[in-house]
Amino acid sequence: MDRRRKFLFTGPTGVGKTTAIALISDDEPVATEMAASGELAATKTTTTTALDFGQVRLEDGEVIGLYGTPGQQRFDYMWTLLQERAMGLVILIDHSRPGSLTDLQRYLDGFGELIAQTGAVIGLTRADSEAGPAIDAYHECVAEYGYMLPVIECDIRRAEDVRLLMEAVISMAEPLADDQGALPEENES
Amino acid sequence: MSETTRRTSRTLQVLEREFDTLFDRVPGLYGVLFCTADGDPIVERFERQMDRDRLAAMASSLVALGGTMARTGGQQHCDYMIVQSHDGFIVSLHIGRNLLLSALARRDTSLGMLLSSCRATSESVSARMSGAPITPRGGQSDEQDR
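In order, the protein sequences belong to chains H and F. Under our numbering, think of the first position of the first sequence as 36, with each following residue one higher. Under our numbering, think of the first position of the second sequence as 13, with each following residue one higher.
Beta-carbon label-pair distances, calculated as ranges:
1. Leu116(H) to Ser122(F): 23 to 33 angstroms
2. Gln87(F) to Glu175(H): 44 to 54 angstroms
3. Gln88(F) to Met183(H): 45 to 55 angstroms
4. Ala139(F) to Tyr182(H): 47 to 57 angstroms
5. Asp91(F) to Glu175(H): 47 to 57 angstroms
6. Glu175(H) to Leu24(F): 44 to 54 angstroms
7. Ser138(F) to Asp61(H): 38 to 48 angstroms
Don't read these hints as lab results, they were simulated from the structure. We put the beta carbon where it would ideally sit given N, CA and C, even for glycine.
Using the sequences and the hints given, assemble the complete structure.
Pasting the structure below:
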């Protein structure tokens, strides 16, 4: 019987969700990219509008499903859909982006139900930028929501850093019970 | 009038001209929406109140997923995404690379007529949009359709 757990990556457009999943997925990742428009088109040609998907197979046979959400608020129905049966969340925040704390608040709000159940890991990209607030500001922001969540500085272009985020979020997740997350066995009759 | 404003007006004129044609051609049609490929509404004509922002975003998600599913299934291109519900149909499709068309119709509409009319509209808009900017509602893009 396959044992599967599902984890989400979320965060603003362009922060590196698609890149992160593609970096560590054992299979060809699934992406749903569409041509970017408006101000976004000045910084990237395409953007995710449905989901990203990849899989990592652990040595014990467990399969970790990696799901990336669209970043823009107008796709928040995908946030709701993708939270179903998820067992952990990585929120990627670009420290160099103006309004990075507002970004964090948006995803703490949007994924509040999941975070209350499973916790989350905050991955802070471009953390060496002097443009962003003090790192403590992210901890304080999270604390205002009543959470204690790890804030991990990372370079999302490095598989090693993405794996570190995954290890953190997996370690926070409840282990699978025997009847959780498993695909039904086929009837051989 | 600035060049950008003039070109944006032209985009809207091209799209709005298609409404009459589509509504005339497809009995049972009650809504048409043009949006950017990444789900920002541009212009719509609805015969009843609907959330155009949500519909535009969902059209983008569906068409993106449809294309990915087609490729995963060894197929080349997703022509349409069709939602068939108890009450009718919603069809979404690409217009070139940067635009989407969604059409909403009652259940008594001929699906074949709806699909062929949407395809004709897509081709008509593509042919007439060369060089026009794709501008979402309130947006500032000056990107050209390709």
